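Participant: For chain A, the structure is supplied; the task is to place chain B on it using the hints.
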Amino acid sequence: MKRIMIRSALGLVYVALLVLMLVTGKRHTILIDNKADPNGAYGAINGMSVQIDKLESAEYYPGDRDKAVVKGQRHHIKIELFDDEKVIERDFRLPLNQDMVLLSVPKLVAGIEPYIEPFTVQLEQAGMDQTANQSQEHQQFGTDAEGLPLDMGNPAQTGMEQNQ
Amino acid sequence: MSAKTNVTKFLSEYAVVIIFVVLTLASIAPSGLSIPYIIQEVITRLGRNSFLVIALLLPIYAGMGLNFAMTLGAMAGQIGLIFAVDWGVAGWQGLVFALLVGLPIAVLLGWVTGSVMNKAKGREMVTGYILAFFINGIYQFFVLYLMGSLIPMRNPAIVLSRGYGVRNTLNLESVRQSLDTLFMLRIGPFAIPVVTFIVIFLLCLFIVWFRKTKLGQDMRAVGQDMAVAGAAGIDVERTRIVAIIISTVLACGGQIIFLQNMGNLATYNAHDQTGFFAVAALLVGGASVTHANIPNVFIGVILLHAMFIVSPLAGQKLFGSAMIGEYFRQFIGYGVIALSLVLYAWKSRRAAEDQRSQLRQGSATGGAK
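First to last, the sequence lines map onto chains A and B. If you read the first sequence in my numbering, its first letter stands for residue 1, the second for the next number, and so on. If you read the second sequence in my numbering, its first letter stands for residue 165, the second for the next number, and so on.
Please keep in mind that the hints were generated in silico from the structure rather than gathered at the bench. Here the structure is a predicted model, which means the values were calculated and not measured. Incorrect hints may have been included.
[Said to hold, decoys possible] Only pairs whose alpha carbons sit at most 30 Å apart, straight line, appear in this in silico DSS-like list of lysine-lysine: (1) A:2 to B:378; (2) B:511 to B:376; (3) B:376 to A:2.
Chain A extracted, bound-state conformation (with noise of 0.2 Å):
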């Protein structure tokens, strides 16, 4: 009995040890947009200074677009707007499964919610699929590669450079 229960609470610390590596070491991608919106409800801020938790701040004028890389889901922002030099500080969290996100900055200052959004980059698709029809083309040929990725190398020499 005894031993049934040291094991399953080292399965426990297991798993919890795997979800909070998960979780506090989880990376995502910001994309801090300071964009008009295009209906009018919120203009674009005509000049300030954005820093993520200690990252290096950055200065975003109309349109500007940047992206910060953020591990974990509790962040902080700090504004700092150069017209009435007014400092904006907000802390927020990311969702666990969101790889990129969209924070806009003019929303946020307008109090306006939500002001971050889920963001899907459209361009991998198409890049995917143009390498897809490179693969096929090749495979066309009949070569006896059909099936094996298209740059495996050679494989002796790739792990000696491996262990230099």
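Facilitator: Okay, now just chain B, sitting in the frame of chain A:
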């Protein structure tokens, strides 16, 4: 014992180390590399490779020779890293995540290896070597066909364009040198990855402590004589399996440390040479098939990698082609293993002959009385 016998014994004991020291020292001048550069490279490679080499110690204590099947642990570590990259877990958390994912796989593979080796007692090294090839096939099947089809993959960037299978080379940028750079100590021109060395130091402490435990003592007893250990009530087969499981798990961690330092993963062949280079390093450090200790690990890694650093450039300067140095590197690696095995066989045969002659002398003296 005569002086000549002493010299012969010393040479046979340390032949590999002596050859390496001489070759490395002779190659430094032609390579044209500065001493600080060589030292920095050796420090980096010491952090990168030592963990993997230490993984070989326990099977040697248990009398199972050089564990070429440590490659299986390396594969488990790589699977862990693939999942860490797929799930976007970055930094040191990514490394721990990879270790946690790889751990049960390494334990399972270690158990399989230990069980197979128990069926092939006395031929563990060649069994481990061939087993590594066999499991490599399963690994390729798993990574090339199951990942992305049966096992869902989240990150399309690491999946092959056909929709399943992992790409040949993975960028480990998210975990690149995350352990090394946690605390990098700079002394003059040298950068020392302190945390990596602390991890290696802790592993050394574990090995020293483990040798003193009941299980560690059992392993040494099994390594010395399985029949005697069995007669003394030690579960020989279980002890051997445990030695291999620990070695495989350590190899899993070692491969993760190795790859985080490299920063990229050759998905289908990064593990191929892992066992080979770890074994070569240990043998260069003065270890043998039956005896190895922690100093052998560090001496071996320093000597082998100092040779690896200087030999390509020395080859280029001396023969006009860097490829000569690259071939030299391979030649040296395999050569060291072959030489050590030959020396081991020669020493074993000679020890048996000495024992026989002593017995003959003893019986002759006894008969004269």
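Participant: Work down the list of hints and note, for each, if the structure agrees.
Facilitator: Hints, verified against the model:
In summary, the hint linking residue 2 (chain A) to residue 378 (chain B) is supported, as the alpha carbons are separated by about 22 Å, within the 30 Å threshold. A threshold of 30 Å between alpha carbons decides the hint, and for residue 511 (chain B) with residue 376 (chain B) the separation of about 28 Å falls inside it, so the pair holds. The suggested pairing of residue 376 (chain B) with residue 2 (chain A) holds, with an alpha-carbon distance near 26 Å, which does not exceed 30 Å.
When held up to the earlier numbered hints, the structure conflicts with none and fits them all.
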